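J.: Sequence:
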Amino acid sequence: MKYAKGQNSDNSSTEIPLLDNQNMPLVALFDTTKLNEVLRAAIKKTVEDTMNEMIPRIKQAVIDDIGYEPGREKERPAFTASLTSHKNLAGYEVVIFDKIWLNMGGAYDNDTGVFTAPKTGLYSISTTVMSYTNSNLHCDLWKNNEKLVRAFGTKYSTGTLNVVVALKKSDTVYVKHIGHWFGIHFWRSKVDIFWIPNYRVNL
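Following this note's numbering, the numbering of the sequence shown begins with 50 at its first residue and continues without gaps.
Hints are computed from structural coordinates only; laboratory data are not their basis. Fair warning: this is a prediction, and the values are worked out from it, not measured in the lab. Be careful, since some hints might not be right.
Taking lysine to aspartate or glutamate and the DMTMM-like style, the derived pairs with C-alpha atoms no more than 20 Å apart in a straight line are [to be verified]: (1) K218 x D241; (2) K218 x D158; (3) K93 x D160; (4) K148 x D241; (5) K239 x D189; (6) K217 x D241; (7) K192 x D160; (8) K196 x E142; (9) K217 x D158; (10) K168 x D220; (11) K136 x D160; (12) K168 x E86; (13) K148 x D160; (14) K239 x E142; (15) K168 x E102.
Computed beta-carbon distance windows for the label pairs [claimed, not checked]: (16) N137 x E195: 24 to 34 Å; (17) I104 x H135: 49 to 59 Å; (18) I104 x A139: 51 to 61 Å; (19) D158 x K196: 51 to 61 Å; (20) V96 x L151: 49 to 59 Å; (21) E86 x L151: 51 to 61 Å.
Here a beta-carbon is modelled for each residue, glycine too, at the ideal position from N, C-alpha and C.
Please model the complete structure; the sequences and the hints are all you need to start from.
T.: Here it is in structure tokens:
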């Protein structure tokens, strides 16, 4: 059986064998131009839909991995603050770190020295205090009304504490001096708190 060849230079025709009523072989040319256009449009739409579905998931995976997305600082609470002067502290006085270097989410109040958790999760907390001249210094880290850990320093030495704490939204964290009136040196006294992403805490 022989077939006629299409004449289109763009190969947009297809040979289809036919039989006439005499059972003699015939050849019909079927124009596939429209079909090709439909197929191209369908493939393009499928690819676009797939990419539109994948891009948000890829973006979220990157955000979850690095724990930060520009423009969403309120969802990544963190702060660093230090003292700007020598202070004499009364017994059980909250230490106010008045110089704020970073306060993402605005959770730290430098008027009260209290950090209020804006969201439930795990938080890393680090505090370093330094005593002044011949003083001894004792400071406790508090969560709400619960004492957690203590830092101790004597005669220009530093005391440091590092903890990871599970906080509920609106829990408060602060550093409180204990004992009698003692001096605290500002150059080496600071506090850092930041939220640890990708951990869900059921409290």
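J.: Against which earlier hints does the structure fall short, listed by number upward?
T.: When the structure is compared with the hints, numbers 3, 12, 15, 19, 20 turn out to be violated.
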